[in-house]
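Q: Letter by letter, the chains look like this.
2 protein chains.
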Amino acid sequence: MKELSLLFIGFGVVGRGLAELLLEKAEVLRSRFDLNFKVVGICDLKWGSIANDEGIDLAKALSLVESGRSFDSYDLPARRGLSALEAIRETRSNVVVEVTWTNLENGEPGLTHIREALRLGKHVATTNKGPIALAYRELSKLAESRGVKLKFEGTVLSGTPTFNLTLNCLAALKVNRVRGILNGTTNFILTEMERGVSYHDALKKAQKLGYAEADPTLDVDGWDAAAKACILANVLMDGDVKPRDVERRGIRDMSLSDVLGAVNRGLRVKLLAEVWREGGEVKVRVSPKLIPQSDILAGVSGVLNAITFETDVLGEVTVIGAGAGRRPTGYALLNDLISIGSAL
Amino acid sequence: MKELSLLFIGFGVVGRGLAELLLEKAEVLRSRFDLNFKVVGICDLKWGSIANDEGIDLAKALSLVESGRSFDSYDLPARRGLSALEAIRETRSNVVVEVTWTNLENGEPGLTHIREALRLGKHVATTNKGPIALAYRELSKLAESRGVKLKFEGTVLSGTPTFNLTLNCLAALKVNRVRGILNGTTNFILTEMERGVSYHDALKKAQKLGYAEADPTLDVDGWDAAAKACILANVLMDGDVKPRDVERRGIRDMSLSDVLGAVNRGLRVKLLAEVWREGGEVKVRVSPKLIPQSDILAGVSGVLNAITFETDVLGEVTVIGAGAGRRPTGYALLNDLISIGSAL
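Residue numbers (our numbering), protein chains in the order written: chain R, 1 to 344; chain F, 345 to 688.
Simulated from the structure, these hints should not be mistaken for laboratory data.
Hints are supplied without guarantee of correctness; some may be wrong.
Pulled from the structure, derived: some chain F residues nowhere near chain R, Cβ distances all over 10 Å [what the hints assert, rightly or not]:
no., residue
1, GLU452
2, GLU482
3, THR504
4, ARG521
5, ASP545
6, THR561
7, ASP597
8, GLY643
9, GLU660
10, GLY665
11, ASN679
Below, a list of computed lysine-lysine pairs in the DSSO-like style, where the Cα atoms sit at most 27 Å apart [unchecked claim]:
no., chain 1, residue 1, chain 2, residue 2
12, R, LYS141, F, LYS346
13, F, LYS627, F, LYS518
14, R, LYS2, R, LYS141
15, R, LYS2, F, LYS518
16, R, LYS2, F, LYS485
17, F, LYS518, R, LYS174
18, R, LYS38, F, LYS518
19, F, LYS627, R, LYS174
20, F, LYS485, R, LYS174
21, R, LYS2, F, LYS346
22, F, LYS518, R, LYS60
Negatives, chain F to chain R, calculated, CB over 12 Å [unchecked claim]:
no., residue
23, LEU402
24, ARG413
25, SER427
26, LEU429
27, ARG490
28, LYS518
29, LEU658
It should be emphasised that the depicted structure is a prediction, and the values quoted were computed from it without experimental measurement.
Here a beta-carbon is modelled for each residue, glycine too, at the ideal position from N, C-alpha and C.
Please construct the entire structure, taking both the sequences and the accompanying hints into account.
A: Structural data, given as structure tokens:
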């Protein structure tokens, strides 16, 4: 039996999604993957920090936070008050789960957390787009030099297979081009607009349903899609593109008549991310595109996400599924932990 | 460096597709997967049988057959005339590539070939639907008891990730339902009919393009889709369904007015394969269904294939891609060989 000793850096929606799945799938992990786990620490700016190399009671920690109580109410033995970096250094974890917030400016604090974990020879599973979009090349080299895995399935399409798909199923192929609908919020807004709802009302509805933030800039101006497209470009096509280098246009200036006019002509407006090779370079663009209804991506509605990989041998392979959400994103981490476990 | 010693049983279109890809991707196999290969034998009813434990010249064997010449013209040292079973027993192969024709009655001769290879402790990669649809349970137990792998990615959706996807990316999940367009020929015919072409003219066109056989029974009566659906049911949902038990209706009796009438009502006719649980049993049905245009499978046109997996954690995950063809099906085998190599 192999053992994962997990340290959670961040215990927001995604971290708790993983915690819930770990408890739910503990028996499956044992019987199907010969994998045991314990959680040796959880650090979160809001809930506090607990650590114990013998194991934290994950069910208890989860239920505390779900009922709005901080780790002050955790009444079992634990070291308290360790910062994220201290916990990375001082717990006997072999895997760091980095699920702090995404920062597309400089990747912090996640970038420092991941760098330190890898430097110390710990595997990393993350859903944090910032560090992977900004520093994939550096981090993957560091992981390789330390003989550990850096896994980030959930950075793109949440748990819908993307990197584990390409790594395990398309690995001998050359990916020549990638097209995708990588942001669920904007796809939801565009789908609503096709039904005659104005941009502003559709945005309000997305906010009400929890799909969009109060400040929707990252989604509607295409930054989120651009970050994900950079990750695809840099991981799958050996590119070196940063979000700020992406040719990027969002959907903020799309009018209802643009969207309905397209539908009347048998077309759909989609915020497409495109990655391709041109003159020895890998290029990335995010922009609203008119695509025919016969395009498979035209049928991807609402908060669904999709990616089409254009490959040398298989032609186009498309995967469609959830692009966000507590359980799907938690599952991305679970799948990454299974990959890490297979290498222990 | 790990070494695959391959024995080809069958050297038709699919076997030669693999041979071509092995030569094309030899360097990728070495550098990315630490994998060397040699071919120690090829047995084919039409082209003859050559075997040499030191290695057959695969490029030469391939070019002979591509120019219509049998192995009588192979002028390097080789044992000649071994039957398939003799070659399985007498060559020093560690992997048998079984790519003879599909027989949905009793799975032969593929079933005997696969059984014998597994019994002798050899890994098996196959695209042969018969043995897997009819005897998956027996064969997978046999493989497990001998500590070898039985791989069959290409039996469903050719090289478009299906079993390697579920095995590597959805493995901790429960699959509750599967829906798919599993037969390209019938999907091509239905797509043509949506453009106003009659069933008979569409079938003729499919035959002319090489999508349909002279006797199209297996495709148009739903047998091919039923066999693939059985494989999905038995592998992913632990079912025990055989093609003859499937509730099956093909597209032979679809009229142009059925198809065009559906389009006029905003629907599409698709030959859907469905697998679900009911009262402790796994059920399989193949039938033409009216589905709304908003259904992702409605957008899957022409010879494309698709599968939607309904899972407990991720919701619906859909994969769309080639369902047949020399290179896509050859790639399924290549991917299987990479999986086998990782376990050597």
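Q: Flag every earlier hint the structure violates by its number, smallest first.
A: 3, 8, 9, 10, 11, 17, 19, 20, 28, 29
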